[in-house]
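Student: Residue numbers (our numbering), protein chains in the order written: chain D, 144 to 482; chain S, 242 to 1061.
Honestly, I wouldn't trust all of these hints.
If you only want the chain D side, here are some residues facing chain S, beta carbon under 8 Å, derived [claimed, not checked]:
1) Ala366
2) Asp467
3) Leu471
Using 20 Å as the maximum straight-line C-alpha spacing, the simulated EDC-like pairs for lysine to aspartate or glutamate come out as follows [unchecked claim]:
4) S/Lys607 x D/Asp300
5) D/Lys418 x S/Glu262
6) S/Lys743 x D/Asp360
7) S/Lys621 x D/Asp292
8) D/Lys361 x S/Asp669
9) S/Lys743 x D/Glu378
10) S/Lys1017 x S/Glu1058
11) D/Lys480 x S/Asp756
12) D/Lys480 x S/Asp827
13) S/Lys826 x D/Asp475
14) S/Lys840 x D/Asp307
15) S/Lys607 x D/Glu342
16) S/Lys1046 x S/Glu995
17) S/Lys665 x D/Asp442
18) S/Lys743 x D/Glu259
19) S/Lys747 x D/Asp292
Hints were generated in silico from the structure; no laboratory data involved. In this text, a Cβ means the ideal position worked out from N, Cα and C, and glycines have one as well.
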Amino acid sequence: MKELLKKIQEEALKQIAEATAPDKLNEVRVNFLGKKGELTSVLKGMKDVAAEDRPKVGQMVNDTREAIETALENARVKLERSLREAQMKNEVIDVTLPATKMQMGHRHPNTIVMEEVERVFVGMGYEVVEGPEVETDYYNFEALNIPADHPAKDEQDTFYINGDILLRTQTSGTQVHEMEKGKLPIRMIAPGRVFRSDEVDATHSPSFHQIEGLVIDKHITFADLKGTLAEFAREMFGADTKVRFRPHHFNFTEPSAEADVSCFKCGGSGCRFCKGTGWIEILGCGMVHPNVLRMSNIDPDEYSGFAFGLGLERIALLKYEIDDMRLLYENDIRFLKQF
Amino acid sequence: MNTSMSWIKAYVPELNCTDQEYLDRMTMTGTKVETFERLDKNLKDIYVGKILSIEKHPDADKLIVCQVDLGDKTLQIVTGAPNVKVGDKVPVVVDGGKVAGGHDGGPMPEEGIEIKNGKLRGVDSFGMMCSIEELGSSREMYPEAPENGIYIFPEDTKVGADAIEVLGLHDSVFEYEITSNRVDCYSVLGIAREAAATFEKPFVPPVIQVKGSGDDVNNYIKVSVPDTDLCTRYVARVVKNIKIEPSPEWMQRRLASCGIRPINNLVDITNYVMEEYGQPMHAFDLDTIAGHEIIVKRAKDGDKFVTLDGQERELDADMLMINDAEKAIGIAGIMGGENSKITDDVKTMVFESATFNGANIRKSAKRLGLRTDASGIFEKGLDENNALDAMNRACQLIEELGCGEVVDGIVDIHGTLPCERQIKMNADRVNALLGTELSEETMLSILKNLELKYDPASGMLSIPTFRQDLENIADIAEEVARFHGYDKIGETLPTGEATTGKLPFKLRIEQMARDVAEYCGFSQGMCYSFESPKTFDKLLLDENDPLRKTVTIANPLGEDFSVMRTISLNGMMTSLATNYNRRNKDVKLYELGNIYLPKQVPVTELPDERMQFTLGFYGEGDFFTMKGAVEEFFTYIGMKEKVIYVPGKPADGTKRASIVLKDSYPFLHPGRQANIIYQNVCLGFLGEVHPEVVSNYDMKGRVYVAVLDMPSVEQFATFERKYTGVAKFPSLNRDISMVVPKDILVGQIEAMIEQRGGKILESCHLFDLYEGEQIKEGFKSVAYSISFRAQDRTLSDNDVNAAMKKILNGLEQLGIELRQ
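Throw the hints in and build the complete structure from the sequences for me.
Tutor: Written as structure tokens, this is what we have:
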């Protein structure tokens, strides 16, 4: 009996080893372990075995079955793996073939910059507001301490609808709208479209975008202005960005400044972007002029504040190294797709 | 504004800094230096040489061989210059030296030209004699230089001296950006005052002294100013026995360094004082002034006047004129007249130094189309006190240069002259504004450098009249901050009540519009707000269409930019056309931008600005691609109700918030357009662009657009979302196939299914639509899959059959047959 089982086992293992396809393994299973299989017939012959030997023989048969099953399972795993490997070998693709494009659209570079600026200031507790693009002379000039006949009105080359209504030349008018609401303190930014009578060329557009900022509260200082805008610049242009404030003049702020950031192309060592100076001018700012506060019924002895304004296009052009402003308004898909 | 370093140093003698230091520090105190240029940047080793002998070149007719004494040595130099003779003193560049350019005065090489010893036609030459062009300048700036030849120094020039020095070229020219509030800095003295304060060195302005030559100005000229509103001060002096000749070298050099061409002593003095004091002056030939009388008054409408450039100008009653007893002789502050201009034969002249109303000069110059150096300065509004100083400075120079004899006495007509403004000093307030802790002493010492006087008794600051920009303590704070250093002020963040940062609802919805459009493959374009009125024709709008009533720009850049758009389509079509003409395939664009609907024409109040979400594409896709994008947007912004598409006039009672929303759209294909209706509100429209419009934009093929009126959309948008549970019970589906009269829209079928399906109706969707051979004429085959589900139980066939029966009955009423 023992001999027989040993022979069956050897034969089975031999056939398993020779099997090259899952079908063959199955055949082996049927031939040895199936209802009519060899091992099964051995079991069927148990009735001829002496009763006292039956447990021992039974054990031997089970051991043989287990050995064959284990061998079958191992062979199956091995075979499947090798088949899978062979299949995968056939399935090698050229990964350098072109991608199937998902065809998503792209945001305009101006908007990317605008959302970035909004993100930074909303994070600092500023509310985003809007104002009218067609505006009155009062909000665009007079309430900003730019009286009638002031040369600043000429410098800005205003488009007029009539004597009193114009296309706003700056987003600064939103400051006044916000102050007139009478709710203090104010921390706001106002992005928007502005218009100036400049002929279209590589560096000018009669329509462009600004973002205005205004903070009004008690005890606001020029140092707060510096700190806030330096924080903004680091968020916008990188943590290593240095900011420099230069005295300047705006009618609606006093003291006034222009802010330069260390050139984000060369880091400040001087390159063609910063014209060798290491600095790039990004915004105008200052402490809100007492006349402006007074005109909006805010007491300059109790409240102070700062305001700033930056040009979106200017930053987009610099940041993305766009050399011609006209590209921003042509809407050529080959341009837009790059953002 | 330009100045040379040497001219600044004339008033700040202790100033000692590099050009770069000057640029940096002046910029940081508010006098922004844009650039500077060293006049000697490409000049090296050039000396004054004296020609000892000249011989002919043995092998060249046009060359000569010179022996030149350079003081410590004699060099042989070969030249082709025709103008030199023995004894001439000339600039000589020696071996290894550099000149700026060629003798032809053409464009100068970036690095200059290096000069080396060499041979000319076999004869050794140890250097080169230079023309003024080779020294980087021109005969305009050095009028004494000969044409086409070597520059020749005056006889008394020292042999061997540094020729660059002698020519005043060891100097730098700075270009400034002066802000409009600092009228005083449009002058060398103004900038020098800032430089002195910046570098904390003494400021030494010229000491003005006029000797006079007796006589009395009133014997020569009589002045009256009827229009004192436009001329607040008029100062006149008379100079007699005038001798016109070149001005001295030092004055020529200073003018040249600022880019002003020396002419003669009289013109040069005028220009010099204009640069130095920022006060334009004018000279009249007394002999041309009728009645020896000057009257300053407005012109009359339609008057004609010939200015000294020979042009005839038409005047109006707002222009101020200088007149004599009979006629106009100059346009005040802008340009003199041909009839009184100074010629070389002038004997006696009247010098004018006046203060005119800046705004008036600016407007007059604009109307005349004649913006001169003088008007550019006057329009900034000058200090009346400066007019007298400038006049006397000019007369002092006349005497110093021996240009004529200054008659005693000054005609000076003015009203109340400006006095020194008083501002209460308040150091605490300055510190509070700046966020600094500076002592009052520190502040006062800064202010003193700026010539602000402090009276400790009253605590008041006296502001000199040339600083018209200083009005209040905030201005004082800026002065302190500038010279303390903006960079020395700390960086803090505002303290105080915390505020919530937020994006308003409208902008959040716009942000979502951008997101969805981009998910759907549309890229963002930006278009101008103004366009040509011709766009209405391109869009086939009726000539009475209300969209033709526009907010019109009074001073546009041209007709193409003259009206504020009332509809957003032109921008979209133009952008698509740009892409089409550049052969870009499959282009999808969107734009978020305002239209401007006037409340009345002509405009008397601000227009209605409405944000429009415009989508457009050509190439892959069709009407339903566009419809899909629109529906994605609505879903994304929480609009869950059914959107209805009406091909024509919306049902009565549908609200339309803007005149852009019409019954039908002439610019769209008449059979492929729809109004988009949501809860009885028209939100916009979509459709295929009318082929004629497509061709008006020079395109071919099909173009699809959609326009959503964002204020209308926003009222339905919401960020609220509610979870309704995932169905627990199975659904039952029924498919129906129908033969439908062609004119029935599937929208009507869906409406019927929804109306009759009852509570258990979950959804229905179209899965087949066919028109063709197997279907009888005038009909189409439509197939729907209808799904039923209950939230609380498994539906039985009976439930569904009952609902289906109702649906089918309803469909039959529409003339629809069920197909088996």
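Student: Compare the structure with each hint and give your call.
Tutor: Results of checking the hints against the structure:
1. Ala366: It holds, given that the least Cβ distance between D/Ala366 and chain S is near 3 Å, below 8 Å.
2. Asp467: violated (14 Å)
3. Leu471: Check passed: Cβ of D/Leu471 comes within 6 Å of chain S, closer than 8 Å.
4. S/Lys607 x D/Asp300: Given that 20 Å is the threshold and the Cα spacing comes to 13 Å, the pair holds.
5. D/Lys418 x S/Glu262: Holds, at roughly 17 Å.
6. S/Lys743 x D/Asp360: holds (18 Å)
7. S/Lys621 x D/Asp292: Since the Cα atoms of S/Lys621 and D/Asp292 sit roughly 11 Å apart, the hinted pair holds (cutoff 20 Å).
8. D/Lys361 x S/Asp669: Holds, at about 15 Å.
9. S/Lys743 x D/Glu378: Answer holds: S/Lys743 to D/Glu378 is near 18 Å, not above 20 Å.
10. S/Lys1017 x S/Glu1058: Satisfied, since the Cα-Cα distance of roughly 12 Å is no more than 20 Å.
11. D/Lys480 x S/Asp756: holds (15 Å)
12. D/Lys480 x S/Asp827: Within the cut-off at roughly 13 Å; holds.
13. S/Lys826 x D/Asp475: Between S/Lys826 and D/Asp475 the Cα gap is close to 11 Å, so the pair holds against 20 Å.
14. S/Lys840 x D/Asp307: holds (16 Å)
15. S/Lys607 x D/Glu342: The hint holds at about 18 Å.
16. S/Lys1046 x S/Glu995: Holds: S/Lys1046 and S/Glu995 sit about 13 Å apart, inside 20 Å.
17. S/Lys665 x D/Asp442: holds (18 Å)
18. S/Lys743 x D/Glu259: holds (14 Å)
19. S/Lys747 x D/Asp292: Given pair S/Lys747, D/Asp292 is violated - Cα atoms ~37 Å apart, limit 20 Å.
Checked against the numbered hints given earlier, the structure breaks hints 2 and 19 and satisfies all the rest.
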